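Trainee: Single-letter residue listing:
2 protein chains.
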Amino acid sequence: MPHFTVVPVKDRAQSSYDSLEGINWVDYRDTGQDNHDHQDTVNSPFLNSAHAANKKNDFYDRNLALFEEELDIRPKVSSLLSRLVNYTNITQGAKEHEEEESAEASRRKTPKSPNMGTLMGVYLPCLQNIFGVILFLRLTWIVGMAGIMQSLLIVLMCCSCTMLTAISMSAIATNGVVPAGGAYFMISRSLGPEFGGAVGLCFYLGTTFASAMYILGAIEIFLKYLVPQAAIFHGTDPLGSDSAMLNNMRVYGSICLTLMAVVVFVGVRYVNKLASLFLACVIISIVSIYAGAIKSMTHPPEFPICMLGNRTLVRDRFDVCAKTVIQGNITVPSQLWERFCLPGNMSSAQCDDYFIQNNVTEIQGIPGLACVSLLENMWGNYLQKGEILEKAGLQSVDTHGALDNFGMYVSADIATSFTLLVGIFFPSATGIMAGSNRSGDLRDAQKSIPVGTILAITTTSLVYLSSVVLFGSCIEGVVLRDKFGDAVRKNLVVGTLSWPSPWVIVIGSFFSTVGAGLQSLTGAPRLLQAIAKDNIIPFLRVFGHGKTNGEPTWALLLTGLIAELGILIASLDMVAPILSMFFLMCYLFVNLACAVQTLLRTPNWRPRFKYYHWALSFLGMSMCLALMFISSWYYAIVAMGIAGMIYKYIEYQGAEKEWGDGIRGLSLSAARYALLRLEVGPPHTKNWRPQLLVLLKLDEDLHVKYPRLLTFASQLKAGKGLTIVGSVIQGNFLDSYGEMQAAEQAIKNMMEIERVKGFCQVVVASKVREGIVHLIQSCGLGGMKHNTVVMGWPYGWRQSEDPRAWKTFINTVRCTTAAHLALMVPKNVSFYPSNHERFTDGNIDVWWIVHDGGMLMLLPFLLKQHKVWRKCKMRIFTVAQMDDNSIQMKKDLATFLYQLRIEAEVEVVEMHDSDISAYTYERTLMMEQRSQMLRQMRLSSAERQREVDQSNVRRMHTAVKLNEVIVNRSHDARLVLLNMPGPPRNADGDENYMEFLEVLTEGLERVLLVRGGGREVITIYS
Amino acid sequence: MPHFTVVPVKDRAQSSYDSLEGINWVDYRDTGQDNHDHQDTVNSPFLNSAHAANKKNDFYDRNLALFEEELDIRPKVSSLLSRLVNYTNITQGAKEHEEEESAEASRRKTPKSPNMGTLMGVYLPCLQNIFGVILFLRLTWIVGMAGIMQSLLIVLMCCSCTMLTAISMSAIATNGVVPAGGAYFMISRSLGPEFGGAVGLCFYLGTTFASAMYILGAIEIFLKYLVPQAAIFHGTDPLGSDSAMLNNMRVYGSICLTLMAVVVFVGVRYVNKLASLFLACVIISIVSIYAGAIKSMTHPPEFPICMLGNRTLVRDRFDVCAKTVIQGNITVPSQLWERFCLPGNMSSAQCDDYFIQNNVTEIQGIPGLACVSLLENMWGNYLQKGEILEKAGLQSVDTHGALDNFGMYVSADIATSFTLLVGIFFPSATGIMAGSNRSGDLRDAQKSIPVGTILAITTTSLVYLSSVVLFGSCIEGVVLRDKFGDAVRKNLVVGTLSWPSPWVIVIGSFFSTVGAGLQSLTGAPRLLQAIAKDNIIPFLRVFGHGKTNGEPTWALLLTGLIAELGILIASLDMVAPILSMFFLMCYLFVNLACAVQTLLRTPNWRPRFKYYHWALSFLGMSMCLALMFISSWYYAIVAMGIAGMIYKYIEYQGAEKEWGDGIRGLSLSAARYALLRLEVGPPHTKNWRPQLLVLLKLDEDLHVKYPRLLTFASQLKAGKGLTIVGSVIQGNFLDSYGEMQAAEQAIKNMMEIERVKGFCQVVVASKVREGIVHLIQSCGLGGMKHNTVVMGWPYGWRQSEDPRAWKTFINTVRCTTAAHLALMVPKNVSFYPSNHERFTDGNIDVWWIVHDGGMLMLLPFLLKQHKVWRKCKMRIFTVAQMDDNSIQMKKDLATFLYQLRIEAEVEVVEMHDSDISAYTYERTLMMEQRSQMLRQMRLSSAERQREVDQSNVRRMHTAVKLNEVIVNRSHDARLVLLNMPGPPRNADGDENYMEFLEVLTEGLERVLLVRGGGREVITIYS
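Keeping their order, the protein sequence lines are chains A and B.
Each residue of the first sequence is one higher than the last, beginning at 1 in full-length UniProt numbering.
Each residue of the second sequence is one higher than the last, beginning at 1 in full-length UniProt numbering.
Derived from the structure by calculation, the hints contain no laboratory data.
Just so we're clear, the structure is a prediction, and the values are computed from it rather than from any experiment.
Do not take every clue at face value.
Put simply, identical chains are the same to the list, so a pair is met inside one copy or across any two.
Below 20 angstroms or equal to it, Euclidean Cα-Cα: the simulated EDC-like pairs (lysine to aspartate or glutamate) are [said to hold, decoys possible]:
no.	residue 1	residue 2
1	LYS295	GLU752
2	LYS871	ASP841
3	LYS890	GLU1002
4	LYS891	ASP444
5	LYS391	ASP802
6	LYS807	ASP735
7	LYS610	GLU905
8	LYS864	GLU905
9	LYS610	GLU903
10	LYS447	GLU903
11	LYS748	GLU700
12	LYS748	ASP701
13	LYS697	GLU752
14	LYS873	GLU910
15	LYS705	GLU744
16	LYS807	ASP699
17	LYS273	GLU1002
18	LYS385	GLU801
19	LYS767	ASP573
Let's have the full structure, built from the sequences with the hints guiding it.
Mentor: See the structure below:
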């Protein structure tokens, strides 16, 4: 019997709740994303004055002089504590904000301090919400169909499911101050917006269908037991009467729904006032059942049932339970006779075969509390639709003619099974959230909610269990199975047992059911409004607005429409499983939230309620899931589908709420776990993929100097693998935190534009060189480390007087080698294609001069995965010398590439030893003059100079010759990949090294210089 | 029809395969974990000479002078290529190693170059392995039961499942050179040891049960159709005859299995020789079916069936199909009559009711290829066990007496359903791995495997599909449903259709089935041996050894035992679903491997076979799963359970194999994905947990100086959350890579000992201070960043002449503040408890002087989660001053802690302003003298000196007074937590700051100084 206590939720209440989640005075950092938090903080009146006050009072405090430098940003404990008191008041009095906002609110509700105790605040509301229509209308029938044992099982299953959920909920509810808002807030704040929204809507739909169920229940009592004459439609035949009844339900249900909606709209405050009346009705009814059961031990009530053979007869269609009556000494056919036989004669030939061959007997409907019926009703007796209720003990002569009901036998109106009954009973166990929904009104919510809820569940469970046994042992089986009391003159079956009169229960249950319906209809729109105001589900936004009278009119309208759907279904037995599903979904997530938080051991997970355990929550979760699938697997799938769609929708809408939910803790744990799993050395060659560290240069305004480096990185990755973008700011870390963050933001923006998924790391260092060394050393974490460095070419090195630019470059090359990292230097990176260009033809040329791990082969393959390069062809050139057999080499190379599964044209370029040209000498001379100028005095001996010279000429010769060949073959290539020679071991040759690289790449538009990281990155093996 | 081609797998072949996976010359790093790789590399004879050769030939190479510094570690392309050729030879000739090892091997198998083409190497073996016993023994029956349409569906489902698997397998098989080893190697190398082992064993069990199935099939043919007289057991009644037959199967099956095992043991080479004979049998049989079907169009074979009413009669129990026969003009009862009536008279009264009321007719068993029977057999006709085969078209008068079979009617021996038939048919689609198992013998495996396998599947699918239609359209329904041909005089049903004689098929299928059984029995032990030699499943190790004759004797024995289990089941229809499960598991994983690798886009995933797609693999995977659950959900669960247990076992045994599997790529991707999801700013207060950066000091020998820092970190985390352990080595990065790695190893070892789960980061920096700043800046990645720094106290700072120690300390404090990180400094960390100690009582005292985020409250809570501290009580002290209302403060504090859900004793200590004591002045003087001595000339004006003095006295006063109070209250506390004062803004006061901290903590055994990170870490809200 789930419904809602009226807890209005207001805009401001919510936002101030959000802002109060952390005590945020001290967050003096200036990150962009924290801005809205700041604003909230600033808005709170009592947080603002902290700075000034502290400074005045405490700065010259003698006893804390040691901390005086702190006190302007860190509050003294005494001042914090005095503020906390206000704080608490304000929190729990969040309603006070409402008054400021809407005048109506203050009229409706005067601000009162939360002062409700466990009994009034939690126990009784829970009790009232849990007990419900099913107990009165269906429990006897369930006992009859499933038997006592299976009924006990059903009750136990449902109640233990809610008990476990209550335990999980207690843990969640006592994990900190819960401001007004109730269960939905608790769940959404501990599971995050996506799950929270999905669960909230499930809860809403459940509550809405619950209102439909209550209305149907009320109408059923009204039409079946109170005023049967009011029926509009009348069936002609038994089959028709079923559908006529459904139509009656539809008509009266719709009328009732409309009336109730109007009541809720105009007089919501009366609904709450009447809650205790409704509870009284329930309690009186239950007491009357117990009283009746006890009385039946000695004086069982008179409810005779008329049986024909072993078949139960509908009792209100005839007067005397006999075949014949003696009217003035003449035996004449009874009314019963006339029903079964052709009218007007006593000849048995014209009668129904079964009627003739079997006796009419009358038995006690309520034999009274005794073991006999207990044993009879012990085991299940499920019926098919239309099957006639039979009493096992009675004699019956079967006739094999076609069965005719004559409208005289009591028969099952639906087919029953254990699983169906579970779905129908479950709503009787719901309503456990009633206490936590009142969290805002409780004096000590953290104590009252667990105790009250668990006590209420215990009470109701005991009542249900004892009722099952009582019903089973007091009432005759055929009466129990008789859903609408046809055999006992259309009395409510449970009413027959009650004392002093069946009317106590009929009227009591009618009012309590109407009341429950009203409460559901009041609670559901408010829940919807609360969800809508959280603004996580955009299309619900309209339902967040209250009308001038403060009522959520639109939400009420939607609720009414959905409830009308339930009413059109018209059958209590069909609606109950639907709402079971939604409540079970909701409970499932409560258990999930508790289990996840317990397992994650977030430091903030410190519920005051200690008697929870993740295993219990997990068991509860499993039971919810099991019950869902037991009661109806297709409803379960539909409900999960709905919840899943809501989840995805909220995720798609990108809810930006940060509620500090457990799910985020989960992803943190997942990331940590995944990283820890990884850390077992470098990956196998087969798993090697470039994990880039892109070293970016920033200009003075912290803009990225060569964004094409990022473009290139994104093209290389085609969206997969790790990319870390690093940059160095020159300065002192203590002063440059802001600058660092600005740079990080700039880089992140650029990464967004260039569609590089990855991480950004800006460091402040006194020298750029130092910063780069540290980036190369310490970027990444565990197994997620870069294995390849991408850096730009120091374009101005020749012009610049400052050798630092190229010194840094060469130092970085050395560092990458020392750290066993691969290196890529795209030269003329500005000419590289953007992500929008498409090369429709052309080649990517690889000049494979030395083999250092296969990077040269792998890179074009990776580039070709990207749209920009897809249509380029790959060509591999290699250089054959005098003593090489170039034809064999080409064949071998082709085989090798075939085995590498890389498609490429293969060419072997023969380079014969030749004399060193005059041009080479000239270039060498130019280069040496330049470098000599720069480091005149550093060299000591002429001997050494000559040695270097000799080597320089040879190197220059290589560079010139190779460049000649490359330009000759690849001048029109889209991209040329080239082995990057290593820097000289001796730092003296550094300038020359730059010159060699320049000569090597002269005349080529786009060159990518590549150095392997000292390990194989490509393999022919599978 | 799955079995194995004989591909012996040898120890050395495997190890050399492993070593060849990467071309590892260039891996010159000296990490510990790479050692075994190195050794392998060094062991390979052709890799060893590389260095020397290169140096000699290439160093003075003119044309490559630019690269000369590289060439000693990076090979020139031409020399690489020439080596690659040998390399390829050696790889594919891995068998050559075997000969060295065992003399037998060379006798058995001469080293031959791989030279098989697609047809002989893949297509025909696949064909032979796929076609099998089910086609001959069960396909007619399946068509009869399920009808043509559903049979087509069954065939299509099974064949498309294997087709999709073949596509995935082709992609895996063409992703690089597959050395000898086949399917198991491919799967295990692309899915890793855990999955590989599980799949391998599934495949093994499948193959083993397949051998049992073949043996059962062969015995069935033998006993039913070839030599029925050989039956040992004879049933007395129809029910008994079933179990007698099963016993016959068991006895003959076991004999047959023993014989076959002996054949395999002594003459494995003949088995392979006979393969083509077996294939010929299959092909001839199939051709004879087609021939028979065509012939039946004009001359249907004579197979009359005798019907009584619409019931089919077992044909071999009587002679004439009539109720009476005319013997010499007298009508006498036929044999049939005598079977149904009491013997000796012609009166119908003594006869079976049904026999009397219905006519005996004779119809054509094989009406011949025509539309009539096609239509009749179109739809399914599933039977219950014992149900009599009835022909729908014939007249029948039902009698309602109890049904007596008389042993005369043909009835169903098992209950059939669509799902059952799927499980029975599936083995006919298996065997698709036969081609890839021969990978080592193929000339061009990368072309042959896909083409051959897919063609073979296409062929077999077409044969199955056409057979279904042919059977349905040529054979009478009751004959089709007649599993053992009882109605056609115990002929093999498919034999009745064949031309020229039923014996062609009976004999053909017998031999092919025996052959298939032999092959399975040969293949399975070898597969087991291969798995055992991989050494991932320790308890299988014994099966890795071959006996002196090279045969895997133990493996054969185990295989025989498992196959015997299958034979004891005795029914083909029961064994088939079992092996279906195992094969489906295996196929599922093949598809999974392909899908995962495609989705991960590992650069190394470049299959030559291009026509794969992850969606196809995924579809294949789903189909495998669906087929498993369709054919038998409990077998499916058992099979998955077995696979799961193997997986867990291998994982538990900690297989250290690094095969470069896709699963590792998966965890890399998962880690990356999880990290990328995280990066959205700092977590909510509710999710805050300490993520530690522990700064360790190393001594000269790279040992951890204060390992208790790690102990403390592990106690704080209780196993959860991020921990990064950082350390700085002073030096030049270019020279210190080895030292860095050694340090990292040392720290990792220490982390292992202290049970700290986390990451380690050692950086080399020219100054320790610089290194620490960089660690603080750049440790962690994305959302996985530290938020708290843990560092030790610079103990020797007073004694040391070198101010760098404490300068570094204070600088680190400043840096953490600048980086908004929290800081913890455990003082006297050596006195902190080890992880084995247990405090049984005592307090953790918190001195909460200023509020900086709640760290002080959170830390004891976290510590108390750890066993060491669990029994300690927490006390919170705060200091009240003159103007504070200490009683109210205490109440507020208690409320606050209640709302924080932290259990602690609360005390407010009143500290009244007092005069500064002489002791304070004395301490200040001492301190100032000391610092003055150290920085005599740095100060400029006396004015400033005095100003500082004044402040120093006040601070010292605080320190002394606070220390007094703390020692007074907490001298016996287990741990004292204390706000750490911030360092002075002005660097001049640094020495004094150290002195203040010393005074503040004097006389306390264990102190933890704590500074917040500038944000709240604890909240009262849920």
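Trainee: Determine for every hint whether it applies to the structure shown.
Mentor: A quick look at each hint next to the structure:
Taking the shortest Cα distances, LYS295 and GLU752 never come within 20 angstroms of each other, neither inside one copy (79 angstroms) nor across copies (73 angstroms). Only within a single protomer do LYS871 and ASP841 lie at most 20 angstroms apart by alpha-carbon distance; the minimum there is 6 angstroms, versus 74 angstroms between protomers. For the homomeric pair LYS890 and GLU1002, neither the shortest alpha-carbon distance inside one copy (27 angstroms) nor that between copies (79 angstroms) is at most 20 angstroms. Taking CA atoms no more than 20 angstroms apart as the test, LYS891 paired with ASP444 passes between copies only; the shortest distance there is 16 angstroms, against 85 angstroms inside one copy.
With identical chains, the CA atoms of LYS391 and ASP802 are never at most 20 angstroms apart, being 107 angstroms at best within one copy and 102 angstroms at best between copies. For the identical chains of this complex, LYS807 and ASP735 are inter-copy neighbours only, at 18 angstroms across copies versus 27 angstroms inside a copy, given an alpha-carbon limit of 20 angstroms. For the homomeric pair LYS610 and GLU905, the shortest alpha-carbon distance between copies (19 angstroms) is at most 20 angstroms, but the shortest distance inside one copy (71 angstroms) is not. For the homomeric pair LYS864 and GLU905, the shortest alpha-carbon distance inside one copy (15 angstroms) is at most 20 angstroms, but the shortest distance between copies (67 angstroms) is not.
When the C-alpha separation of LYS610 and GLU903 is checked against a cutoff of 20 angstroms, the pair qualifies only between copies, where the shortest distance is 12 angstroms, while the shortest distance within a copy is 65 angstroms. Taking the closest pair of Cα atoms, LYS447 and GLU903 come within 20 angstroms of each other only across two copies (15 angstroms); inside a single copy the shortest separation is 72 angstroms, beyond that limit. For a Cα distance limit of 20 angstroms, the shortest separation of LYS748 from GLU700 inside one copy, 17 angstroms, qualifies, whereas the shortest one across copies, 41 angstroms, does not. Taking identical chains as interchangeable, the C-alpha atoms of LYS748 and ASP701 lie at most 20 angstroms apart only when both belong to the same chain, with a minimum of 15 angstroms there against 42 angstroms between chains.
Within a single copy, LYS697 and GLU752 get their C-alpha atoms as close as 17 angstroms, which meets the 20 angstroms cut-off; across copies the closest is 40 angstroms, which misses it. In this homomeric assembly, LYS873 and GLU910 never come within 20 angstroms of each other (Cα to Cα): the closest approach is 22 angstroms inside a single copy and 82 angstroms across copies. For the homomeric pair LYS705 and GLU744, the shortest alpha-carbon distance inside one copy (14 angstroms) is at most 20 angstroms, but the shortest distance between copies (36 angstroms) is not. In this assembly of identical chains, the alpha carbons of LYS807 and ASP699 lie at most 20 angstroms apart only when taken from the same copy (19 angstroms versus 33 angstroms across copies).
Neither within a single protomer nor between protomers do LYS273 and GLU1002 lie at most 20 angstroms apart by alpha-carbon distance, with minima of 90 angstroms and 65 angstroms respectively. Taking the shortest alpha-carbon separations for LYS385 and GLU801, neither the intra-copy value of 98 angstroms nor the inter-copy value of 98 angstroms comes in at or below 20 angstroms. Proximity of LYS767 and ASP573 under a CA criterion of 20 angstroms is satisfied in neither setting, with 77 angstroms inside one chain copy and 78 angstroms between copies.
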